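Turn these sequences into a full structure, and let the hints steer you where they fit.
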Amino acid sequence: MGTVLSIIFVSPLLYLAQRWTNTSLSMYIDNGNLFACGSDFSEVSNRLCLAYLDYWNWLNRAGISIEPDKTEVIFFTNSHATQPRPNRFWLADPSAPSNTG
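Just so you know, our numbering puts 53 at position 53 of the sequence shown, and the rest follows in order with no gaps.
Keep in mind the hints are simulated off the structure, nothing from the lab.
Keep in mind it's a predicted model, so treat the numbers as computed, not measured.
Treat the hints loosely; a few may be bogus.
[To be verified] DEER-style ranges, computed between Cβ atoms:
#, residue 1, residue 2, range
1, S42, T3, 33 to 39 Å
2, P94, N22, 17 to 23 Å
3, N31, R61, 18 to 24 Å
4, P86, G2, 20 to 26 Å
5, D30, R88, 24 to 30 Å
Ideal Cβ placement from N, Cα and C applies to all residues, glycine included.
Shown next, in the form of structure tokens:
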């Protein structure tokens, strides 16, 4: 899919992302980046999980899947931060059966 067609196709997803708080989405053809900001890693993690769920659901409805092997989370912090970065962070596959129900 060409760049222009890609932009037209995902424009509803980019519009959806505008409602997120302190979270944004950038895309280029078949690559996407979610960015989340917050006062601590817990807040960032919660925002990221909510945005990821919206993102995943939209892609799923459009017949597009996320490749888990190409998905990673990177936490950035300023040099004065006292809270350690999370050692692990997992974005669950929303289509997988839940063990909590």
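Checked hints:
1. Checked against the given bound of 33 to 39 Å, the beta carbons of S42 and T3, roughly 37 Å apart, stay inside it.
2. At about 22 Å, the CB distance of P94 to N22 agrees with the hint of 17 to 23 Å.
3. At roughly 19 Å, the beta carbons of N31 and R61 sit within the given window of 18 to 24 Å.
4. A hinted range of 20 to 26 Å for the beta carbons of P86 and G2 is inconsistent with their spacing of about 38 Å.
5. The hinted range of 24 to 30 Å is satisfied by D30 and R88, whose Cβ atoms lie roughly 27 Å apart.
When held up to the earlier numbered hints, the structure conflicts with hint 4 and nothing else.
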